[in-house]
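Start from chain A and add chain B according to the hints.
Chain by chain, the residues run as shown.
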Amino acid sequence: MVVRVHVEPNAYFDSVALMAVAATVNRQPGVELAALLMGTSANLELLRDSGMWEARLEEVSPNDLVIAVRATDEATATAAIEQALQRLRAATPVRQPMDTVTVPRTLRSALRAAPQARIVAISVPGPYAPIEAEEALRSGRHVFLFSDNVPLSEEVRLKRLAQELGLLLMGPDCGTAFISGLGLGFMNAVRRGPIGIVAAAGTGLQQVASLVDWFGSGVSHGIGTGGRDLDEHVGGVTMLAGIDALAADPATEVLVLVSKPPAPQVAQRVLQHAAHCGKPVVVCFIGQPPESVENVRLAGNLTEAARLAVHLATGRPLDELELPGRNELAARLAAQRAALGPGQRFLRGLYSGGTLCDEAMQILAPRIGDIRSNVPLRADLRLTDPHRSQDHTFVDLGSDEFTVGRPHPMIDQTIRIERLFREAADPTVAGIVLDVVLGYGAAADPAADLAPAIQEARRSAEREGRSLPVIVALVGTRSDPQDYERQRRALEAAGAIVVPSNAWAAELAAQLVA
Amino acid sequence: MSEKIRELLQNTPEVVNVGLELFARAMRDQGGHVHPVEWKPPLVEPNQQALPLFNDPTIAAANQEAVTRMMRAQPVVIGVAQARDVIPGMSDRTFLHAGPPIDWQHASGPLRGALIGAMLFEGFASTPEEAVRKLESGFVELAPNHEHSAVGPMAGVISPSMPVYIAVNAAGENRAYTNFNEGIGKVMRMGAYAPEVIDRLRWISHVLAPLIGQALQRSGGIDLRNIIAQALQMGDECHNRNKAATSLFYREIAPHLVECDAPASDIAAVLRFIHSNDHFFVNLAMVAAKVMADAAHGIPGSSLVTTLSRNGTEFGIRISGLGNRWFTGPANVPRGLYFPGFGPDDANPDIGDSAITETAGFGGFALAGAPAIVQFIGGTPADAVRATLEMYEITVAEHEVFRIPALDFRGTPVGIDLRAVIRSGILPVIDTGIAHREPGIGQVGAGIVRPPVRCFTEAYRTFEQQYLVQRGAVPTSQTRRTV
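As they're listed, the protein sequences go chains A and B. If you're matching positions, the first sequence starts at 1 in my numbering and goes up one per residue. If you're matching positions, the second sequence starts at 1001 in my numbering and goes up one per residue.
What the hints contain is simulated information worked out from the structure, not anything from laboratory work.
Dumping the calculated DSBU-like pairs for lysine-lysine here, alpha-carbon to alpha-carbon at most 35 Å: (1) B:Lys-1004 to A:Lys-260; (2) B:Lys-1004 to A:Lys-279; (3) A:Lys-260 to B:Lys-1040; (4) A:Lys-279 to A:Lys-260; (5) B:Lys-1040 to B:Lys-1004.
For reference, chain A alone in the conformation it holds in the complex (with noise of 0.2 Å):
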């Protein structure tokens, strides 16, 4: 082991830039102990006691620079001074402007960065989503609350507070809406046109306005709710400021009301506002026909909400707003059903939208009979296990016991292919029904996974001497990002009959069993 002291004299070093060189020289092979400083009493004391002394440390002063290594041989330990003195020396780097840009880590800095932002988006876990929402209120922001799993206290608290302030709560549980041309959550390009929408149901959202765009008109703006909005114990908060609000609104002619039934005397409420709201109306409490009021006109589904308001702002006629080509789908559908077997008798619906699920449900079960399900249409019809069909069984494969650590079937198609491979080997499946929602944040291009397995599944029981029609309801209009057309076509090379419409998917269905 040797000792080599080197003296810099009259070279300033930072205390800081010292220690990290001697870092660095410490990890040197055969380097026991290196030691960058200033030649201050204090420092030669830590010198002396580190065993590296030498006797004309005694004449240095606090402004020289002392290097002193301890290491296996005298090459090493000079080697080690030469290196330290030259990273000391050593140019600093050229770099880039200092860059400190960084993403703010909480809301309120950048609620601050972004003064001129009015609407806050929230899509944090359920019991933490209400701090950021009340804090993006309070700062005078509008929420769009895509959450689930928000207390109801919580709802109504900050409706409350919403409400105080003037501001719109949308959520929680809010999949989509369309604010002046932007889509929030899960929401098709549609056009603008005359038409607002509020609405409890996301889907019931995007089905609406993707018919407003198939038909040739356009949203004014979409303003969803949330789907507890018009319970009893919140009121409908939102969906009455909505009406307000498309009421004032220059760009909006015509009012959509969506939400499944809602609780009587706020069934009651709404449908009073609206028919006071000084504009045309449409009401779709889906599958419950509502009473009649004034100046309000009420649609039984989606599909029939869509067209009743193309038909107020436009003129157009009812008969020029219906499915092109619906004769040759139904005369196809009836070789199809032609085709099936006795014991192919019941329907299954594979839905990734729970509002276009009940839909359906309400539609067919009139002319079908029960449907079972995990969302049914009465207590006694729930599924006792919800990964096993019985009879005509409707399942919403976007709820809680389905997608717990799994991506959820508008983004993902995993489940739905897993499930439809399940029917298509059940021999008394007489046709399955699917819906696909387009649009900003869905899949990227859902009939590349869907097609070829509906291809497999209707071959695999074609092999078993079985046909398999498959319908399904393309939610979406031809500006969405996944290019719809494409979407079709692939979707009906692989067999299905493809349907802008899930009302309309639903009666195609229906003629297979009735």
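Chain B in isolation, oriented as in the chain A frame:
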């Protein structure tokens, strides 16, 4: 219909996105302007009934009041006295120490070393062995500095005959006290107690402190906040770097020292001592911060952190609206650079009252203004800027007086909000010296450290409980801790 809703429906809105990146992308794909937040789950899952606590305007008002008092406190050092004569509640057998309460049995090496040193200094023992025996038997009462309006760096030991600075709040009522800085290397605050350490302490007591006391009296008091404000614009953060502040203090005190009635050799020795010690000012920075923090303490309903402190074993915090209760967790080992011959294995867990500087909005919170020490945090001036920027996420205000040139003279982040720490999971960044884990050796490096999460989760539980009780809500379930 409200004006805000009307406005919303007139122009395409810009959106702040908290949560799924999927939605931010979906909006960008439409040409929307999206401002993302890098959200992480809070450190605890709050009680459902306590969710309003996070945005309660009365808490915000209490915090604003507290942080305003903190910023507007005006610490002035006015003189020097013996600890026993001025520190409230100090008896002839009281030894004060850094951090939350601790006994001899749980004290770490450097704190034990400093206590031994204080026993020798006070003449309570003539050998280290005798000191240990007496300390084991409870010969002196140990108490935290913070509970006696005092602070001390590292071990922070203040014994009855030690000289202390007296700092007053010229904009309020409170006072605070601190001991004298001994220099670097083998010093008592790092746990050293060799004869030369005790000799230096005696010189400080008999020469340095009385002279500085006289000089301070002649000066009529020196405004510490002004010195800190200037030093922050001269490359100090006034915790791990005090070069500029020490120089500024030297300029202030020197003429008054020279005018003191004392031998020129003593005056010269005092001036040389200050000159040779880049950290001479750190104790004054701390006592200034203590004056500021105490001014903010005790505001009902406030969730402002008014103490961050460590005793070498535990880290402890106190909250303005939760009285004098400590919330503690095991102290972390700092990450940093080491003196020659030492490494991480030698390091004692975090120790000292000096994190009072971060509590008051400088130290680690002002790293952006101290590029010379950024290598302690392993990097570049950009890293220092980011460290300060991160602290704005958990603080209530931007300092009215302390400003950072590198941030366009933005005020330093000041006033840590317990709720913001819980919500963001961001822990305060603290600059610190590193003491050797064995008593008697001293400082071995310097670096940065963060408090343990537990201090904050424990404090939050108590704050939440108090909030629910005050609102008449009976807590439905125990708060669940997720981290």
